[in-house]
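2 protein chains.
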Amino acid sequence: MHSIQSYIKEQIDTDFNINDELPFEISEVELPKNTIITHYHQVEKYAYFLQEGIAKISLIKENEERILEFFFPNTFFSSYTSFLTQKPSDVEIMLLTDCNLQRIYVDDINKAYQHSLLANQLGRIVTSHYYIQKTNREKDFLTKTATERYQDLIDNRAELIKEIPVNMLVKYLGIKPESLSRIRKEMM
Amino acid sequence: MHSIQSYIKEQIDTDFNINDELPFEISEVELPKNTIITHYHQVEKYAYFLQEGIAKISLIKENEERILEFFFPNTFFSSYTSFLTQKPSDVEIMLLTDCNLQRIYVDDINKAYQHSLLANQLGRIVTSHYYIQKTNREKDFLTKTATERYQDLIDNRAELIKEIPVNMLVKYLGIKPESLSRIRKEMM
Numbered sequence: 213m214h215s216i217q218s219y220i221k222e223q224i225d226t227d228f229n230i231n232d233e234l235p236f237e238i239s240e241v242e243l244p245k246n247t248i249i250t251h252y253h254q255v256e257k258y259a260y261f262l263q264e265g266i267a268k269i270s271l272i273k274e275n276e277e278r279i280l281e282f283f284f285p286n287t288f289f290s291s292y293t294s295f296l297t298q299k300p301s302d303v304e305i306m307l308l309t310d311c312n313l314q315r316i317y318v319d320d321i322n323k324a325y326q327h328s329l330l331a332n333q334l335g336r337i338v339t340s341h342y343y344i345q346k347t348n349r350e351k352d353f354l355t356k357t358a359t360e361r362y363q364d365l366i367d368n369r370a371e372l373i374k375e376i377p378v379n380m381l382v383k384y385l386g387i388k389p390e391s392l393s394r395i396r397k398e399m400m
Numbered sequence: 213m214h215s216i217q218s219y220i221k222e223q224i225d226t227d228f229n230i231n232d233e234l235p236f237e238i239s240e241v242e243l244p245k246n247t248i249i250t251h252y253h254q255v256e257k258y259a260y261f262l263q264e265g266i267a268k269i270s271l272i273k274e275n276e277e278r279i280l281e282f283f284f285p286n287t288f289f290s291s292y293t294s295f296l297t298q299k300p301s302d303v304e305i306m307l308l309t310d311c312n313l314q315r316i317y318v319d320d321i322n323k324a325y326q327h328s329l330l331a332n333q334l335g336r337i338v339t340s341h342y343y344i345q346k347t348n349r350e351k352d353f354l355t356k357t358a359t360e361r362y363q364d365l366i367d368n369r370a371e372l373i374k375e376i377p378v379n380m381l382v383k384y385l386g387i388k389p390e391s392l393s394r395i396r397k398e399m400m
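First to last, the protein sequences are chains A and B. Our numbering puts the first residue of the first sequence at 213, with every later residue one more than the last. Our numbering puts the first residue of the second sequence at 213, with every later residue one more than the last.
Source of the hints: derived by calculation from the structure; they are not laboratory data. Incorrect hints may appear among the rest.
No copy is singled out in the list; a pair is fine if it fits within one copy or between any two copies.
Claimed, not checked - Here are the computed lysine-lysine pairs in the BS3-like style, where the Cα-Cα straight-line distance is at most 25 Å:
no.	residue 1	residue 2
1	Lys356	Lys299
2	Lys397	Lys323
3	Lys257	Lys356
4	Lys356	Lys245
5	Lys351	Lys257
6	Lys221	Lys299
7	Lys351	Lys323
8	Lys273	Lys356
This structure is a prediction, so every number in the text was calculated from the model and none was measured.
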């Protein structure tokens, strides 16, 4: 199963080994489908690593849910702006399936950041991934039509098309259900 | 004048002093107004620190320029996705005034990331700032009207209203010039 330890081994040019001690505490949790792990206006206290399962992060726009991202195994996720600033979250995180998670408490990682090379390498790389993901989404919304964005999902994110119900896909693409039906027909 | 050294001192909980040697090489450059320091499709080789001046980063949407961000002194900037991935940039960076810059070459910082705590702390913090900035922009576009976004600039980014010509502000807000005129009239 994926773990923070195996992620470090994959992502960082380091002599860290999977059984070595991490420079910060972690805890493991199993949580059922539909658990909201971070509520709107809650201050985010944890960075989560997804070992198994699927999660989504969303916000409310004009009383409607907009899905910002789906998360699959072997990724970190969090209400990350709230985690970094320790201000209330304007997003919500919900588990779409039963999930196995590892999590790191904000004070523990911040302590490790003061002295640990490895903790900082991890923080830097995870934040860079978040940044790239966010930037790609921004550029997609600025430069692509809904049809093109849907085609991109089919081409590049097959797991998303396969695992995520259509009513959630439309909230991620930022379109109406009838638009997705039309796009799908045009593609046939 | 602002410098990478003073930025580190301000932003990182460290015993680094302004006259200490940095764990990576930097060079200083003075460049005139209207210099394009990163072209579309060019691979970004530098992270820049703005000591004096103003820069903008933009992309092309349907043959029209969209401005993603303006940069003011005491900030890092770069075509950062290209810098991280070493793939061609889909944004352009132009200096709006004469600028004093410090810059770090990509291979130099990547070498420092292998062993230097301070380099990783800096990389992590700069990337976190980029991330927060990007996320705030995304949420603004998802949840606010053009009028609200313009009001936010007036309330929170006075330097932007003061220094940036109106024809660029509209490209940043993602609206038509006549819409901005209307918004301004409504606000009177």
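Each hint tested on the structure:
1. Lys356 x Lys299: Result: close only across copies, 20 Å inter versus 33 Å intra.
2. Lys397 x Lys323: The answer is neither: 54 Å in one copy and 51 Å across copies each exceed 25 Å.
3. Lys257 x Lys356: Neither way: lysine 257 and lysine 356 sit 35 Å apart in one copy and 27 Å across, limit 25 Å.
4. Lys356 x Lys245: neither (33 Å within a copy, 32 Å between copies)
5. Lys351 x Lys257: between (30 Å within a copy, 21 Å between copies)
6. Lys221 x Lys299: between (32 Å within a copy, 24 Å between copies)
7. Lys351 x Lys323: neither (35 Å within a copy, 30 Å between copies)
8. Lys273 x Lys356: Intra 21 Å, inter 9 Å, cutoff 25 Å: intra and inter.
The structure fails to meet hints 2, 3, 4, 7 from the earlier list, while all remaining hints are met.
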